[in-house]
Amino acid sequence: MRISSPSNEKIKAVIQLQTKASVRKKKKLFIVEGIKMYEEIPESDIELTYVSEKFYEEYIKREKISDNVKKRLNTKEYIIVSDPIFKNMSDTVTPQGILAIVKQKKYELSDILDKTKNQVFMVLEGVQDPGNMGTIIRTGEGAGIAGIIVNKETVDVYNPKVIRSTMGSIYRVPIVTSEDLGETLDYMSENGVTLFAAHLKGDAYYTDGQFSGSIAFLIGNEANGLSEEISKKAHKLIKIPMEGEVESLNASVAAAILMYEAKRQCSS
Numbered sequence: 190m191r192i193s194s195p196s197n198e199k200i201k202a203v204i205q206l207q208t209k210a211s212v213r214k215k216k217k218l219f220i221v222e223g224i225k226m227y228e229e230i231p232e233s234d235i236e237l238t239y240v241s242e243k244f245y246e247e248y249i250k251r252e253k254i255s256d257n258v259k260k261r262l263n264t265k266e267y268i269i270v271s272d273p274i275f276k277n278m279s280d281t282v283t284p285q286g287i288l289a290i291v292k293q294k295k296y297e298l299s300d301i302l303d304k305t306k307n308q309v310f311m312v313l314e315g316v317q318d319p320g321n322m323g324t325i326i327r328t329g330e331g332a333g334i335a336g337i338i339v340n341k342e343t344v345d346v347y348n349p350k351v352i353r354s355t356m357g358s359i360y361r362v363p364i365v366t367s368e369d370l371g372e373t374l375d376y377m378s379e380n381g382v383t384l385f386a387a388h389l390k391g392d393a394y395y396t397d398g399q400f401s402g403s404i405a406f407l408i409g410n411e412a413n414g415l416s417e418e419i420s421k422k423a424h425k426l427i428k429i430p431m432e433g434e435v436e437s438l439n440a441s442v443a444a445a446i447l448m449y450e451a452k453r454q455c456s457s
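In terms of my numbering, the sequence shown opens at residue 190 and continues consecutively.
Everything labelled a hint here was simulated from the structure, so no lab data went into it. Built from N, CA and C at the ideal position, the CB exists for glycine as well. A few of these clues could be false.
To be verified - Label pairs and their computed distance ranges (CB to CB):
# : residue 1 : residue 2 : range
1 : Tyr-376   : Asn-257   : 34 to 44 Å
2 : Lys-243   : Pro-430   : 46 to 56 Å
3 : Ala-202   : Lys-304   : 41 to 51 Å
Unchecked claim - Straight-line alpha carbon distances no greater than 25 Å define the calculated DSS-like cross-link-like pairs of lysine-lysine that follow:
#  : residue 1 : residue 2
4  : Lys-341   : Lys-214
5  : Lys-295   : Lys-217
6  : Lys-216   : Lys-276
7  : Lys-265   : Lys-214
8  : Lys-304   : Lys-422
9  : Lys-350   : Lys-390
10 : Lys-276   : Lys-259
11 : Lys-265   : Lys-253
12 : Lys-260   : Lys-243
13 : Lys-276   : Lys-199
14 : Lys-276   : Lys-201
15 : Lys-276   : Lys-243
16 : Lys-201   : Lys-243
17 : Lys-294   : Lys-260
18 : Lys-292   : Lys-225
19 : Lys-422   : Lys-306
20 : Lys-265   : Lys-217
21 : Lys-294   : Lys-214
22 : Lys-295   : Lys-209
23 : Lys-243   : Lys-253
24 : Lys-260   : Lys-199
25 : Lys-259   : Lys-292
26 : Lys-425   : Lys-306
27 : Lys-294   : Lys-217
28 : Lys-422   : Lys-390
29 : Lys-225   : Lys-250
30 : Lys-265   : Lys-295
31 : Lys-265   : Lys-216
32 : Lys-350   : Lys-292
33 : Lys-425   : Lys-341
34 : Lys-225   : Lys-295
35 : Lys-425   : Lys-304
36 : Lys-243   : Lys-350
37 : Lys-294   : Lys-216
38 : Lys-304   : Lys-421
39 : Lys-304   : Lys-452
Using the sequences and the accompanying hints, generate a full structural model.
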């Protein structure tokens with residue numbers, strides 16, 4: 190199938206998914222762009238694929254694509270669109286010529302919390318920057334965390350810029366959206382998870398073994414940090430040891446340091 194009209198309903202639907210979080214939430218779908226990201230999509234999660242005419246001529250017809258991409262295109266419906274239309278559909282400055290509509294995954298905290306294991310969680314309150322969000326998801330996979338819990342005020346995890354920043358980790362890291370973060374933290378605490386809030390009034394951590402058992406790190410909004418209500422839910426306020434006159438770090442940098450420190454302590 191080929192589409193050459195910008196007023197086609199399918200094209201409009203893609204653009205809405207790219208630009209409107211409310212549409213993504215309602216339809217439980219999101220957009221993935223680029224060859225590498227396309228390769229990593231779980232096959233059962235692909236709803237529909239679009240390729241530009243240039244991509245079709247240079248890659249598909251000449252079979253200059255990986256077996257993984259070839260398999261997906263051979264077993265799933267794909268639509269060819271003109272290059273100008275594809276550029277309008279894309280959220281990137283230089284589109285690679287392939288994008289997919291993908292099903293969102295729905296997780297509840299009970300799906301990922303396992304009292305038989307020592308687990309690490311990230312809890313994010315009001316993190317707004319898509320790059321920070323995507324980097325935390327990607328780093329979380331690298332550090333082996335069990336999942337990420339976000340409140341409703343946190344940036345949409347299916348925002349196109351978040352998706353790109355995850356470099357594929359969005360498919361593999363469980364993310365739970367909490368309707369009431371305070372209640373969620375109470376539930377975690379009741380189920381044996383120790384809550385550590387990254388906070389300017391916290392104590393610098395130095396002791397090996399401080400991060401033991403199942404733990405969660407609480408990270409707040411880039412400008413305002415954690416709210417007082419959520420800070421009070423923590424068992425302990427902590428801060429990353431720093432030299433000079435630096436008071437705080439970028440949210441994704443702080444999250445990365447804490448996740449890998451927990452990994453180090455669990456491995457030592």
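Hint check results:
1. Tyr-376 <-> Asn-257: 34 to 44 Å: Since Tyr-376 and Asn-257 have Cβ atoms about 39 Å apart, the given range 34 to 44 Å holds.
2. Lys-243 <-> Pro-430: 46 to 56 Å: Since Lys-243 and Pro-430 have Cβ atoms about 51 Å apart, the given range 46 to 56 Å holds.
3. Ala-202 <-> Lys-304: 41 to 51 Å: Since the Cβ atoms of Ala-202 and Lys-304 sit about 42 Å apart, the hinted range of 41 to 51 Å holds.
4. Lys-341 <-> Lys-214: 12 Å, holds
5. Lys-295 <-> Lys-217: 9 Å, holds
6. Lys-216 <-> Lys-276: The given pair, whose Cα atoms are some 23 Å apart, holds under the 25 Å limit.
7. Lys-265 <-> Lys-214: 24 Å, holds
8. Lys-304 <-> Lys-422: 20 Å, holds
9. Lys-350 <-> Lys-390: Cα-Cα ~32 Å, so violated.
10. Lys-276 <-> Lys-259: 22 Å, holds
11. Lys-265 <-> Lys-253: 18 Å, holds
12. Lys-260 <-> Lys-243: Roughly 20 Å separates the two Cα atoms, so the pair holds.
13. Lys-276 <-> Lys-199: With Cα atoms ~15 Å apart, Lys-276 and Lys-199 stay inside 25 Å; holds.
14. Lys-276 <-> Lys-201: The given pair, whose Cα atoms are some 13 Å apart, holds under the 25 Å limit.
15. Lys-276 <-> Lys-243: 11 Å, holds
16. Lys-201 <-> Lys-243: 21 Å, holds
17. Lys-294 <-> Lys-260: 22 Å, holds
18. Lys-292 <-> Lys-225: 18 Å, holds
19. Lys-422 <-> Lys-306: Roughly 22 Å separates the two Cα atoms, so the pair holds.
20. Lys-265 <-> Lys-217: 19 Å, holds
21. Lys-294 <-> Lys-214: 11 Å, holds
22. Lys-295 <-> Lys-209: Between Lys-295 and Lys-209 the Cα gap is close to 19 Å, so the pair holds against 25 Å.
23. Lys-243 <-> Lys-253: With Cα atoms ~13 Å apart, Lys-243 and Lys-253 stay inside 25 Å; holds.
24. Lys-260 <-> Lys-199: 23 Å, holds
25. Lys-259 <-> Lys-292: 20 Å, holds
26. Lys-425 <-> Lys-306: Holds: Lys-425 and Lys-306 sit about 21 Å apart, inside 25 Å.
27. Lys-294 <-> Lys-217: 8 Å, holds
28. Lys-422 <-> Lys-390: This hinted pair holds, its Cα atoms lying about 15 Å apart.
29. Lys-225 <-> Lys-250: 19 Å, holds
30. Lys-265 <-> Lys-295: Holds, at roughly 23 Å.
31. Lys-265 <-> Lys-216: 20 Å, holds
32. Lys-350 <-> Lys-292: 17 Å, holds
33. Lys-425 <-> Lys-341: 24 Å, holds
34. Lys-225 <-> Lys-295: The given pair, whose Cα atoms are some 23 Å apart, holds under the 25 Å limit.
35. Lys-425 <-> Lys-304: Between Lys-425 and Lys-304 the Cα gap is close to 21 Å, so the pair holds against 25 Å.
36. Lys-243 <-> Lys-350: Holds, at about 24 Å.
37. Lys-294 <-> Lys-216: Distance of about 12 Å is within 25 Å: holds.
38. Lys-304 <-> Lys-421: Judged against 25 Å, a Cα distance of about 24 Å means the pair holds.
39. Lys-304 <-> Lys-452: At roughly 18 Å apart (the allowed maximum being 25 Å), Lys-452 and Lys-304 satisfy the hint.
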